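The listed protein sequences derive, respectively, from chains X and E.
Take the first sequence: its position 24, counting from 1, is numbered 24 in the working numbering, and each next residue is one higher.
Take the second sequence: its position 156, counting from 1, is numbered 1156 in the working numbering, and each next residue is one higher.
Honestly, the hints are just simulated from the structure, not real lab data.
Worth double-checking, as some hints may not be accurate.
Computed beta-carbon distance windows for the label pairs [said to hold, decoys possible]:
| id | chain 1 | residue 1 | chain 2 | residue 2 | range |
| --- | --- | --- | --- | --- | --- |
| 1 | E | G1814 | X | N26 | 54 to 62 Å |
| 2 | X | N83 | E | P1742 | 46 to 54 Å |
| 3 | E | E1642 | X | N83 | 37 to 45 Å |
| 4 | X | N26 | E | D1703 | 24 to 32 Å |
Pairs of lysine-lysine, DSS-like flavour, derived with a Cα cap of 27 Å [stated by the list, open to error]:
| id | chain 1 | residue 1 | chain 2 | residue 2 |
| --- | --- | --- | --- | --- |
| 5 | X | K19 | E | K1677 |
| 6 | E | K1776 | E | K1752 |
| 7 | X | K19 | E | K1688 |
Note that the structure is predicted; figures quoted are calculated from it, not measured.
Ideal placement from N, C-alpha and C gives every residue a C-beta, glycine not left out.
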Amino acid sequence: MNKTILLVEDNPDDQLLTKAALEMNNILNEVVIAENGVEALDFLNGQGKWEGRNTDELPALVLLDLNMPKMGGFDVLKHIRANPRTELLPVVILTTSKEDRDLVDSYKNGANSYVKKPVDFDEFTNAAKQLGIYWLMVNESPL
Amino acid sequence: MSLSKATPSNKQKGLQVTKQAALLFFPLFGLLTLVMLWFYHDARTSSLTYLENQNQEILSTLRQHVELSLNHSQDDLDLALKIVENNIRTDINLNEISQAFYRIVTSREAYIKQLRFIGIDGYELVRVDNAGGKVVNVSGDFLQNKVDRYYVQQGLKLRQGQVYQSPLDLNVEFGAVEYPYRPMIRYVAPVFDSRAIMRGLVVLNVNAGAMLEELNAIGTSSTAEVWLLNRDGYWVYDRRQDREWGFMFNDNSLSLPMSHPDVWSLLITTTTEDYQFNLKSDQLGIISAQDWQQTPRLLNYGHQEITMPWFGVMYLSPQAIQDITANLQQRYFTLLLISCIPTLSLSIGFAFLFSRRNDLTEKLIQLNEMREADKKFHTALDASPTPMIMVDQEQNIVLANREALKLFEYSSAEAMNIPLTSLIPNQYKKRHVHLVEEFQQSPEERRMAPIREVLAVTKTGKEVAVEIGLNPVETSDGVITLASITDITQRKQLESQLAKSNRTMMLAINTAMIGVWTWSVGEKSMMWDDRMYKIYDYSQRPLKPVTYQEWRDRIHPEDIARLDRVFERALRSNDSQQYEFRLYTKDGLVRWVKGGVVREMHINQTRLVGINIDVTEERMSHQSIATINRELERRVTQRTDELQQANRELEAFSYAVSHDLRTPLRGIDGFSNLLMKSLGDKVDGQNKEYLNRIRTAAQRMGDLIDDMLTLSRITRADVVRKRVDLSALGKNIINHWREIDPDRQVEFITPKQLYANADSALLRIVLNNLLSNAWKFTSNSERPVIELGSINKPEGDVFFVKDNGAGFDMEYVGKLFGAFQRLHTNSEFPGNGIGLATVQRVIEKHGGRVWAEGVVDQGATIYFTLPK
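Kindly generate the complete structure, drawing on both the sequences and the hints.
Spelled out as structure tokens, the structure:
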């Protein structure tokens, strides 16, 4: 069965566009949306909104935005890597930021990829396609 | 030199010396006179002896002369005799004889008076007369019979070969003595024929006057008289002619036996061995005599018969002797007079010596005592470290101690009795004489004469500055001056050095505005200089000096204890102490003072000497500078903080821009896209165009935001310079464009390597902009060429990117590098006008310059420099 994709994104436009881009590339995995970092961790730990969820079912991929209210992407990433249960989870940073600082910090905190969201939707669609092919089909996950 | 007061006065001494000198002189002079007399006598004797010898020699000469004359006469006689003998050998020819006789007489007319041939009967046969130079052959009528004459009688007695020589007498004519006297000698020789029968007589009358005149000529060369005496003692020659020829007149008073029998007796006792003598007597004078008859013949012609029956006498009368010796006397007398002078000086000299010796003898005992004292005095004087000299009234140095000799470089002997002026440089001599006179006039008043500073000169001419203290010492010789001399050359030098350093110090004190104070510890008042009063805010120097307590009252209470400690330290050590304190001005203001203090031991009192410098202003300015510095630092920190804050805000802003501005754009683009896809064919061409325009606009804005962020990033970026190969960078960028735009054929010219010292990331941005522009603007060119290179200039490399594209109008070159400034429409060449602004920002951050050249439709060149 297809595993879920956890999309951590506060902007509803981006949520919609990301999902559209994935669908247009026939990546039909269930996309779970976390509005912010807290929700993302809730989902992974079976808390809050996801109270009682089987936490053994880890998502196939986490698409993580950096700038979010309540808890930013870096904190989420740190928590994921700090938790032995989730430490091997593939996390792709998907952000609007073009700052080198953000890129370096992401990799330092254990991000598996860093993808910049382009303004051009065609390019975005193309990026989503590449991500899906790579992380869901090509890459062998340790999990 | 002794300073005895018993020494007789000079006047007495002079008298004594005169007496002594007279006592010496007269005996000496007497002795000298005797010696002179003896010398004179000796000289006279030897001179007379010489005269005697000379007279004897003259006599010998006379005798030789007479002998020669007689010989000549005999030769004449012989010649006449031979002529007659030859004539009578055959037949007698009186005429021939007469002629021959004539020739003989003529040849000897000065001597021969008469030459005759007389027959044995007494008649004259031939007669040649010489009457005063006129030779006459007397003819027969005047010939006379001479048979009764003594010479004929004598002749007739002669044997063959014999000759009769008559005595020297005067010619007698007709029974009387011929006058003027004609001294005559007659020679008679008998003439025999071959049968030895007498045939007559040859008679030769010789004019003896000529001979006597020659004697006279010789004799007058002598001062003595010359006498010729015959065997009877009559004069035949005498300068006094009245004594001559006495025998001719039977006057025997005119003969030596009568006038000088003693001399005569000596004359007639002469022998062949002892034929000459000298007789000397005061009454007589000197007589030198020779008996010529006894004298050996010098000339011998075989005329054995020649006789010289005369006495030759040289006579010097007492008067003549007197004349001769007078000269000698005069000479010796002059000599005596001359020798008087040295004798006199010798006497005086000895008298002085004696007088001194007498002085010494008289005072021997006294002297012995005094000598000890003197010795002590000398020793003390010599040992004195002060040079001292003693000068007598004539200003001659009579004593100089060792130090004085050393100072003036004289030996002890040299210094004695030289005038004091020898020690005075020439230019001061006049003044010195004046001073001496002044001193001598009133020595008492100057018993302790003021010390004078003068220049003195040493033997070698070195000038020394000295101080002279004059001290008159009265002795019976007069006033002697004792001068103690101090060599102050070194002191002078020290003084001048001191004065110099004093001046320097005063300059320092005045310039640095240092106040100086002195306080004798325990004294009530202190000594302050003017500056001190000024520092302590006195308007002028008060009448009474400030007291120690007054001073203390002015010190800031917080500083007084520290100041006391400093003074205590200063009193304990020789080191100077530095301190700083506050004082109150009269208005109660605080004044900062820097001080220094040092101990000074002054005889039996300790003093503190110190300085004060007002450092209030210095201190104030130090304080204000510190305040300003602190304020500045604070402001800098504040500004830095503000700047950092602004930077942080700018970063946050950029961050926000990159996130928050782009996200809506992405939405616009994304949803437009999705709308177009979902509507599919339902959307017509017009609406499709609108949707595309929305998307393009969104995308352009995205690019704009990206470029703006780059520009702002560059502004904040640090430049990290290293060696960058611009060529490699350029190739990289062009290759990128070739991949994107594979349809275009663009020539790219660049050297193999093109190095610059720059920030590699920033240069990449520069080249990316420039090369992209070139790529863009050559899109309409027929044969597009892009060149990246450099030009070597003395001021450094100038890099350029050149293309043959659209170019630009140089009129608008000023707008080229402004942000958002564009020279082309977007439809011509897309762009946002930030590229060249970014390039300029990068180049400026490297300290370089960027400029452009362009021609419309021909291309553009962008130049830039990157200084090392």
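Evaluation of the provided hints:
1. E:G1814 <-> X:N26: 54 to 62 Å: holds, 56 Å
2. X:N83 <-> E:P1742: 46 to 54 Å: holds, 49 Å
3. E:E1642 <-> X:N83: 37 to 45 Å: holds, 42 Å
4. X:N26 <-> E:D1703: 24 to 32 Å: Given about 30 Å between the Cβ atoms, the range holds.
5. X:K19 <-> E:K1677: holds, 15 Å
6. E:K1776 <-> E:K1752: holds, 24 Å
7. X:K19 <-> E:K1688: holds, 24 Å
Checked against the numbered hints given earlier, the structure satisfies every one of them.
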